[in-house]
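*Asks:* With the hints as extra help, turn the sequences into a complete structure.
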Amino acid sequence: MEMDGLLTYGVFFLTQAGIYAILALGLNVQFGLTGQINIGIAGFFAVGAYTSAILTTNPTDAHLGGFDLPFLVGVAGAMVTSALVAVAIGRVTMRLRSDYLAIATIGIAEIIRLALKNEDWLTNGVRGIPGIPRPFVETLESNSPLISLAVVLAFVVFAFWMVERARVAPWGRVLRAIRENEDGVRAAGKDVTRFRLQAFVFGSSLMGMAGALYAHFIGFISPEAFLPLYGTFLVWVMLIAGGAGNNKGALLGALAIWVLWSATQFLTDALGAEYATQAGALRVLLIGVLLQVILIARPQGILPEHGSGGRG
Amino acid sequence: MIQIEGISKAFGGLRAVDSVHFTVATGGITGLIGPNGAGKTTLFSILAGFLTADEGRVVLDGEDVTGLPPHTLFHRGLVRTFQIPHEFSRMTVRDNLMIVPPGQAGESLGHAWFRWGKVKGQDRTVREKVDEVLDFLNLTHVADELAGNLSGGQKKLLELGRTMMIDAKVVLLDEPGAGVNRTLLNNIRDAIRRLNQERGYTFCLIEHDMDLIAQLCDPVVVMAQGQVIAEGPMTDIRANTQVQDAYLGGGVSGRGVSAMTEDDVGKRVPDGDAADGAPEDDSGDEEWRP
Chain A
1 MEMDGLLTYG
11 VFFLTQAGIY
21 AILALGLNVQ
31 FGLTGQINIG
41 IAGFFAVGAY
51 TSAILTTNPT
61 DAHLGGFDLP
71 FLVGVAGAMV
81 TSALVAVAIG
91 RVTMRLRSDY
101 LAIATIGIAE
111 IIRLALKNED
121 WLTNGVRGIP
131 GIPRPFVETL
141 ESNSPLISLA
151 VVLAFVVFAF
161 WMVERARVAP
171 WGRVLRAIRE
181 NEDGVRAAGK
191 DVTRFRLQAF
201 VFGSSLMGMA
211 GALYAHFIGF
221 ISPEAFLPLY
231 GTFLVWVMLI
241 AGGAGNNKGA
251 LLGALAIWVL
261 WSATQFLTDA
271 LGAEYATQAG
281 ALRVLLIGVL
291 LQVILIARPQ
301 GILPEHGSGG
311 RG
Chain B
1 MIQIEGISKA
11 FGGLRAVDSV
21 HFTVATGGIT
31 GLIGPNGAGK
41 TTLFSILAGF
51 LTADEGRVVL
61 DGEDVTGLPP
71 HTLFHRGLVR
81 TFQIPHEFSR
91 MTVRDNLMIV
101 PPGQAGESLG
111 HAWFRWGKVK
121 GQDRTVREKV
131 DEVLDFLNLT
141 HVADELAGNL
151 SGGQKKLLEL
161 GRTMMIDAKV
171 VLLDEPGAGV
181 NRTLLNNIRD
191 AIRRLNQERG
201 YTFCLIEHDM
211 DLIAQLCDPV
221 VVMAQGQVIA
231 EGPMTDIRAN
241 TQVQDAYLGG
251 GVSGRGVSAM
261 TEDDVGKRVP
271 DGDAADGAPE
281 DDSGDEEWRP
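These protein sequence lines are chains A and B, in that order.
Just so it is clear: in the first sequence, position 170 is 170 by full-length UniProt numbering, and no numbers are missing.
Just so it is clear: in the second sequence, position 166 is 166 by full-length UniProt numbering, and no numbers are missing.
For the record, the hints were derived by calculation from the structure and aren't laboratory data.
Among the clues, some could well be false.
Pair ranges (Cβ atoms, derived) [to be verified]: (1) B:PRO69 with A:LEU140: 50 to 60 Å; (2) A:LYS117 with B:PHE114: 33 to 43 Å; (3) B:GLY110 with A:PHE13: 28 to 38 Å; (4) B:GLY67 with A:ASP99: 21 to 31 Å; (5) B:PRO69 with A:LEU285: 21 to 31 Å; (6) B:PRO69 with A:VAL157: 45 to 55 Å; (7) B:ARG76 with A:LYS117: 27 to 37 Å; (8) A:ILE296 with B:GLY152: 25 to 35 Å; (9) A:TYR230 with B:GLU128: 44 to 54 Å.
With a straight-line cut-off of 20 Å between C-alpha atoms, the simulated SDA-like cross-links for lysine to any residue are [to be verified]: (10) B:LYS118 with B:ASP144; (11) B:LYS118 with A:MET162; (12) A:LYS248 with A:ARG298; (13) A:LYS248 with B:LEU195; (14) B:LYS120 with A:TRP161; (15) A:LYS248 with B:LYS118; (16) B:LYS118 with A:GLU164; (17) B:LYS120 with A:ARG165; (18) B:LYS129 with B:GLY67; (19) B:LYS120 with A:LYS117; (20) A:LYS117 with A:PRO130; (21) B:LYS118 with A:TRP161; (22) B:LYS129 with B:ASP144; (23) A:LYS248 with A:ILE302; (24) A:LYS248 with A:PRO130; (25) B:LYS118 with A:ARG165; (26) B:LYS120 with A:LEU255.
Predicted, not measured: the structure shown is a model, and the values here were computed from it.
Just so it is clear, CB atoms sit at the ideal spot from N, CA and C, and this is done for glycine as well.
*Replies:* Structure (structure tokens):
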């Protein structure tokens, strides 16, 4: 082993936190800026992961492809597919008020997960897709997890730049106004539906990007990896804890909640095997309670939205 | 100029707007008054594209614009404000106005990512325009305040400011003076008058403050129960008995109803006395008979 245990753990930990950070940034475009309640994050995450997996694995009879394409093509493909799914969903749901969008997206994410589970020809069903290559393994002739970490962090920076630039641009200003008062934006001559669709598609494509990175980092995906708890609710807690509307808050929230979530893993491990099931349920409960506490005690999150004009 | 031609709109069984015809003349300030529930705001929502009419046409400068969405009408210079201010509370006053100018390059993600220089340049121009509008409305001192923290009257001014961010042809103002103190009301009145005289804005405004209407508007259109019941200069409107009844009574047919009840009561009272007296008389007769 080239690194000692703690360092390896640190690299894995940071990589996963980075993937969650991208998910939180995607949700921030939808919820933080526009006020859209997307409870189907896991669905877009899964679409991205499966797309990149199918594009980059070696040819096999087990599922569609693989097409043995480069890693970056996989990520780009993941973003495009997630965006297309978002366009299809958005066209139907963008006229809905936010609470209806929440119900629609939670249903759609479950449909996606069940489709991935049952369409064997496409996804190899419950057996999942193994052998997804680590990024740039062939180019760099190294399988080090440090490379994965570096790649993920580079994508975090890229995603942050895109979202932050969009936020401070007039585009983000219109979205924040839509969140505040939709009719007011209509009266100001903006095509509200078009802006909402753009925000939904942009946010979803970032979720697809995160999915692709996850697939390449873990190397194996199956439908069970995209349960709403990990794919959706953790991301919501991260964004709300960090500060909805603030991109730095999204990053900070992702890191902080991931630390907390991982720490509870150690605690439940310490309880021993006999309490393993109960402990697992307790972790989930903890996340729910934490969300409630944040919403009551500090609804604006650790880093509130930039008050004066949002151009900090 | 807006020509309103036979606009009707029903909500269930209620005909909120009932075959309304009138014209908002270019360069004028047309007042629209009427008791609560007369259909004034519903009519505004139809004109600005927020609601679709069941019947009728809206013609803006000779072009049929019936049923076009609000943003399209906005681009053609037809702008509305709201009775309850629709400010963006968690955004600064300045940002509230910076939203408005159409066709800003930075409203496209592509430009935001790849043409930042152009976006910033445009933003500076828009910002200058905003400063000018804020100055006009005496709101410069609250430019960096969150719009949600403004007073009711300042929010009304901000609504008016939104219409100044583009070269509006026709501005529909929904109760610009409601809930505003006298000083601010004078500010609002002066702003409307100056926009009309100096910049040639055409206004149509709904208002319950008859002094404001009298000072600003000619002609005045009166609606009651979805219909136009009078139209003309304010002096004529004040003298119009149908209008007086619409405000005091229950609408167009108010006078008839109240007159009838009074008559009925007047008749019933003597009738009742006679009826009460009758049995006594009868019984008296019976007593006398044997």
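*Asks:* Work down the list of hints and note, for each, if the structure agrees.
*Replies:* Right, here's what the structure says about each hint:
Taken as a hint, the range 50 to 60 Å holds for the pair PRO69 (chain B) and LEU140 (chain A), whose Cβ atoms sit roughly 53 Å apart. Remark: the range hint 33 to 43 Å for LYS117 (chain A) to PHE114 (chain B) is upheld by a beta-carbon distance near 40 Å. Taking the beta carbon of each, GLY110 (chain B) and PHE13 (chain A) are about 36 Å apart, inside 28 to 38 Å as hinted. Taking the beta carbon of each, GLY67 (chain B) and ASP99 (chain A) are about 28 Å apart, inside 21 to 31 Å as hinted.
At about 47 Å, the beta-carbon gap between PRO69 (chain B) and LEU285 (chain A) misses the expected band of 21 to 31 Å. Restraint check, PRO69 (chain B) to VAL157 (chain A): a C-beta distance of roughly 39 Å breaks the suggested window 45 to 55 Å. Between ARG76 (chain B) and LYS117 (chain A) the CB atoms are about 52 Å apart, so this pair departs from the stated range of 27 to 37 Å. Under the hint 25 to 35 Å, the C-beta atoms of ILE296 (chain A) and GLY152 (chain B), about 30 Å apart, fit the expected range.
Distance hint check for TYR230 (chain A) and GLU128 (chain B): the Cβ-Cβ separation is about 49 Å, which falls inside the suggested range of 44 to 54 Å. With a C-alpha separation of about 24 Å, the suggested pair LYS118 (chain B) and ASP144 (chain B) falls outside the 20 Å cut-off, and the hint is violated. Between LYS118 (chain B) and MET162 (chain A) the CA atoms are separated by roughly 17 Å; this keeps the pair inside 20 Å, and the hint holds. With a C-alpha separation of about 17 Å, the suggested pairing of LYS248 (chain A) with ARG298 (chain A) holds against the 20 Å cut-off.
Pair hint LYS248 (chain A) plus LEU195 (chain B) does not hold up; C-alpha atoms about 43 Å apart against a cutoff of 20 Å. A distance of roughly 16 Å separates the Cα atoms of LYS120 (chain B) and TRP161 (chain A); the hinted pair therefore holds under the 20 Å criterion. With a C-alpha separation of about 26 Å, the suggested pair LYS248 (chain A) and LYS118 (chain B) falls outside the 20 Å cut-off, and the hint is violated. Distance check on the hinted pair: LYS118 (chain B) and GLU164 (chain A) sit about 17 Å apart at the alpha-carbon level, within 20 Å; holds.
Among the hinted pairs, LYS120 (chain B) with ARG165 (chain A) is consistent with the structure: their alpha-carbon atoms are about 12 Å apart, no more than 20 Å. Distance check on the hinted pair: LYS129 (chain B) and GLY67 (chain B) sit about 31 Å apart at the alpha-carbon level, beyond 20 Å; violated. Distance check on the hinted pair: LYS120 (chain B) and LYS117 (chain A) sit about 48 Å apart at the alpha-carbon level, beyond 20 Å; violated. Restraint check: the Cα-Cα separation between LYS117 (chain A) and PRO130 (chain A) comes to about 15 Å, which is no more than 20 Å; the hinted pair holds.
With a C-alpha separation of about 18 Å, the suggested pairing of LYS118 (chain B) with TRP161 (chain A) holds against the 20 Å cut-off. Proximity of LYS129 (chain B) to ASP144 (chain B) is assessed by CA-CA distance (about 15 Å); at most 20 Å being required, the pair is judged to hold. Among the hinted pairs, LYS248 (chain A) with ILE302 (chain A) is consistent with the structure: their alpha-carbon atoms are about 10 Å apart, no more than 20 Å. For the hint linking LYS248 (chain A) to PRO130 (chain A), the alpha-carbon distance of about 34 Å lies beyond 20 Å, and the restraint is violated.
At roughly 14 Å between alpha-carbon atoms, LYS118 (chain B) and ARG165 (chain A) fall within 20 Å of each other, so this suggested pair holds. Between LYS120 (chain B) and LEU255 (chain A) the CA atoms are separated by roughly 32 Å; this puts the pair beyond 20 Å, and the hint is violated.
The structure is inconsistent with the numbered hints 5, 6, 7, 10, 13, 15, 18, 19, 24 and 26, although it conforms to all the rest.
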